[in-house]
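2 protein chains.
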Amino acid sequence: MKLPAQSSSRLIVPRGFRFAAASAGLKKGGGLDLGLAEAPGGAAAAAVFTSNRVVAAPLEVGREHLVRSRGRVRAVIVNSGNANCATRSGRAVCEKVCRQVAAQLGIPAREVFPASTGVIGVELPAEKILGALPRLAAERGDTRRAVMRFARAIMTTDTRPKLAAARFRCGGKRATLLGIAKGAGMIQPRLALGKHATMLVYLFTDAAASPAALARALRAACACTFNRISVDGDTSTNDTVLLAASGAAGAGIASAADARRFSEVLTAVCRSLARQIVADGEGVERVVELRVEGAQSEAEAERVARAVANSPLVKTAWAGGDPNWGRILAAVGNAGVALDPRRVDIFLGSQLVCRNGRAVPFNERRAHRELSPPGFTVRVRLGRGRAATTFWTCDLTADYVRVNSHYRS
Amino acid sequence: MKLPAQSSSRLIVPRGFRFAAASAGLKKGGGLDLGLAEAPGGAAAAAVFTSNRVVAAPLEVGREHLVRSRGRVRAVIVNSGNANCATRSGRAVCEKVCRQVAAQLGIPAREVFPASTGVIGVELPAEKILGALPRLAAERGDTRRAVMRFARAIMTTDTRPKLAAARFRCGGKRATLLGIAKGAGMIQPRLALGKHATMLVYLFTDAAASPAALARALRAACACTFNRISVDGDTSTNDTVLLAASGAAGAGIASAADARRFSEVLTAVCRSLARQIVADGEGVERVVELRVEGAQSEAEAERVARAVANSPLVKTAWAGGDPNWGRILAAVGNAGVALDPRRVDIFLGSQLVCRNGRAVPFNERRAHRELSPPGFTVRVRLGRGRAATTFWTCDLTADYVRVNSHYRS
Chain B
1 MKLPAQSSSR
11 LIVPRGFRFA
21 AASAGLKKGG
31 GLDLGLAEAP
41 GGAAAAAVFT
51 SNRVVAAPLE
61 VGREHLVRSR
71 GRVRAVIVNS
81 GNANCATRSG
91 RAVCEKVCRQ
101 VAAQLGIPAR
111 EVFPASTGVI
121 GVELPAEKIL
131 GALPRLAAER
141 GDTRRAVMRF
151 ARAIMTTDTR
161 PKLAAARFRC
171 GGKRATLLGI
181 AKGAGMIQPR
191 LALGKHATML
201 VYLFTDAAAS
211 PAALARALRA
221 ACACTFNRIS
231 VDGDTSTNDT
241 VLLAASGAAG
251 AGIASAADAR
261 RFSEVLTAVC
271 RSLARQIVAD
281 GEGVERVVEL
291 RVEGAQSEAE
301 AERVARAVAN
311 SPLVKTAWAG
321 GDPNWGRILA
331 AVGNAGVALD
341 PRRVDIFLGS
351 QLVCRNGRAV
361 PFNERRAHRE
371 LSPPGFTVRV
381 RLGRGRAATT
391 FWTCDLTADY
401 VRVNSHYRS
Chain W
410 MKLPAQSSSR
420 LIVPRGFRFA
430 AASAGLKKGG
440 GLDLGLAEAP
450 GGAAAAAVFT
460 SNRVVAAPLE
470 VGREHLVRSR
480 GRVRAVIVNS
490 GNANCATRSG
500 RAVCEKVCRQ
510 VAAQLGIPAR
520 EVFPASTGVI
530 GVELPAEKIL
540 GALPRLAAER
550 GDTRRAVMRF
560 ARAIMTTDTR
570 PKLAAARFRC
580 GGKRATLLGI
590 AKGAGMIQPR
600 LALGKHATML
610 VYLFTDAAAS
620 PAALARALRA
630 ACACTFNRIS
640 VDGDTSTNDT
650 VLLAASGAAG
660 AGIASAADAR
670 RFSEVLTAVC
680 RSLARQIVAD
690 GEGVERVVEL
700 RVEGAQSEAE
710 AERVARAVAN
720 SPLVKTAWAG
730 GDPNWGRILA
740 AVGNAGVALD
750 PRRVDIFLGS
760 QLVCRNGRAV
770 PFNERRAHRE
780 LSPPGFTVRV
790 RLGRGRAATT
800 FWTCDLTADY
810 VRVNSHYRS
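So the sequence lines, in the order shown, correspond to chains B and W.
Under my numbering, the first residue of the first sequence is numbered 1, with each subsequent residue one higher.
Under my numbering, the first residue of the second sequence is numbered 410, with each subsequent residue one higher.
Don't read these hints as lab results, they were simulated from the structure.
Worth double-checking, as some hints may not be accurate.
What the hints assert, rightly or not - Here chain B is said to cover these stretches of chain W; the calculated rule only asks that three of the stretch's residues, wherever they fall, bring their Cβ under 8 Å from a Cβ of chain B:
1) 574-583
2) 625-638
3) 789-802
Said to hold, decoys possible - Residues from chain B that keep clear of chain W, each with C-beta distances beyond 12 Å, as calculated:
4) G185
5) E289
6) G385
Glycine is no exception: its CB is placed at the ideal position from the N, C-alpha and C atoms.
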């Protein structure tokens, strides 16, 4: 199931949710930096969080709220421009914001799910957020415009909003799923599935499901989508994926067939968002689909994929459309897998360029041509077994350096 | 023991060695690309090699020659411009070159120690090297000029030759040690100590020592020098460090005191070369001395140091002189060490910027000032134990991307 990137004209807004955005003054240049998503009738929810040992305050609070509410969410509050991570006032500020959102909407604080994204280690000015809450509450709506404003409010160095949506049938009725994401930098989500990326992803469906069923479907979907991408190899302190189900479609995910269909739809939406995040990564000009095959286990294939995806020399060669496959082979050799280089094959686009660990003649101009468009495929065969994985990554351009080396003050 | 970088006027040439260089036509722009170092009376030798699973042909041949000669070397032959790695003809070409060098000098082929550095996966044209051998043999000399030409011949994207030398006493006599290195890119040597970086390092001494004593001293020196640097986090397929002792000083490393003194001198020379390699890394503008303290073991400290040293977001912040310590904390949290972020302290230059995992007020202008010169210090305390390590790394600049993204053809 492949989904196109969503333009606002084709956006589907699931029933049972309202959206709003405001400028709270957190972003230096102004612009939307505070988003609210509300499920007025409540929603069942499940979430997964970063595996970084350093975890921002809103992730701690959000996880606790989900436990205390037994997987119920009525409001999602997100600010961009500040990660509220490694701050002295982090928890107190986050809890104050949640309490104020709850008071504004007339709901319990435990049903507010917070998130923050931006610079680490700078105190988050609570008063700016609190001051913007009345405006936020006043403009809640279920229009496509409201959704697009929310999607813009959660952006940091993203250049465009990222959305994906799908319709599906469940319990004999029509239901919808909408996903909204931000990414750009510090992107190598390694979501600790089972417990809990500054990738933020919000998934809203109007089907009905229990928090446990949502958690199962979410983990399975993340494992092969968000946990298979890397822009720069840095895993954020704030990565969060939330799936909320309002049930407003009047039908639940009841049968095994329903669950299977929902899982497929969820995975397709997550895959579309994951690819959009890579394509809009900081300075990215080329998205690379990296296929690693012939591994002894999927974990081994993943390990090799990450070694290749995060090699600065491989990524800079891609930035030049350079078929310098020797750098790929060197990265494979550094993956920490006890492989035999004499069994490694490498394909750049349609051509085999390395067989059994050695150069084979290939058409270099054709390779350069195939590596020049905004997306291409690289395939590595390890010759060790039958496990495989697909990983999405990107080039490393001078623009990435420019975006990230500007002195903040 | 701190050693200054060597200029050619202060260079010490150890007795018992001769050097030569030639242009064999391997480098696109011309220039020196073939180097010969000869010990006419023979030398005891020990070497360490990369831990990449992919290993270039000359490393295999060099290791075998050292075994067959029982640790004796009479000639070192090095070409730049081509790594002779992952090539179909790799071994055959390398062996042919060794045989021809041996014939030219009238020595056994097993006493020739080969190395190559440059692009991976392109066949090495043996005839170009063979054609240049007579010129190389004709100009062998023990002058400083000959040493400097050798040091230039082994360079790839290096902008300057890297040398370090020291005098020491052993067995009551004066002896000398000269080190010559190249680095620039694909630099995160992880020398497999016990068995065996495209870092190439040649260390020549006129003291006498057994191959076993040389191996012990070399492993100890590499562990805290070359194995504690990273330019780009990529470990080469060709990294090689060779230590050769001619004994021409007429004195051996006999006593325990001699061995200790030699070890100190060797470590100091290696440390100087390691820092020169980082300082001349591709696009490097700032060298960072990264000190990780309070670890449970040195291996743990090293793991944290590598996570920080290889984070693109940390390195790009350094390129801007940006005191964005939150990126350092996030990298620490990603190191795969079960640390408690609430015990982590971070110092940028002279200032504490993060205490117990949280922001502390600091003078941001002073921090920017301290992070702007070509060298500064970053200190991370983990609060877990008493082990520590010092690691040398660098910023990631747009120049690094420029150097590495140019399409080869």
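Here is what the structure says about each hint:
1. A count of 0 residues in the segment 574-583 of chain W with a Cβ less than 8 Å from any Cβ of chain B is obtained; the coverage claim is therefore unmet, three being the minimum.
2. Only when three residues or more bring their CB closer than 8 Å to a CB of chain B does the claim for the segment 625-638 of chain W stand; here the count is 0, and the claim is violated.
3. For the segment 789-802 of chain W, the stated coverage by chain B is violated: 0 residues have a C-beta nearer than 8 Å to a C-beta of that chain, whereas at least 3 were required.
4. A beta-carbon of chain W is positioned within 12 Å of the beta-carbon of G185 of chain B; the least distance is around 7 Å.
5. At roughly 20 Å, the least C-beta separation between E289 of chain B and chain W is larger than 12 Å, which holds for a residue marked as non-interface.
6. Non-interface call for G385 of chain B relative to chain W: holds, since the shortest CB-CB distance, roughly 16 Å, exceeds 12 Å.
Hints 1, 2, 3, 4, counting from the list given before, are not met by this structure.
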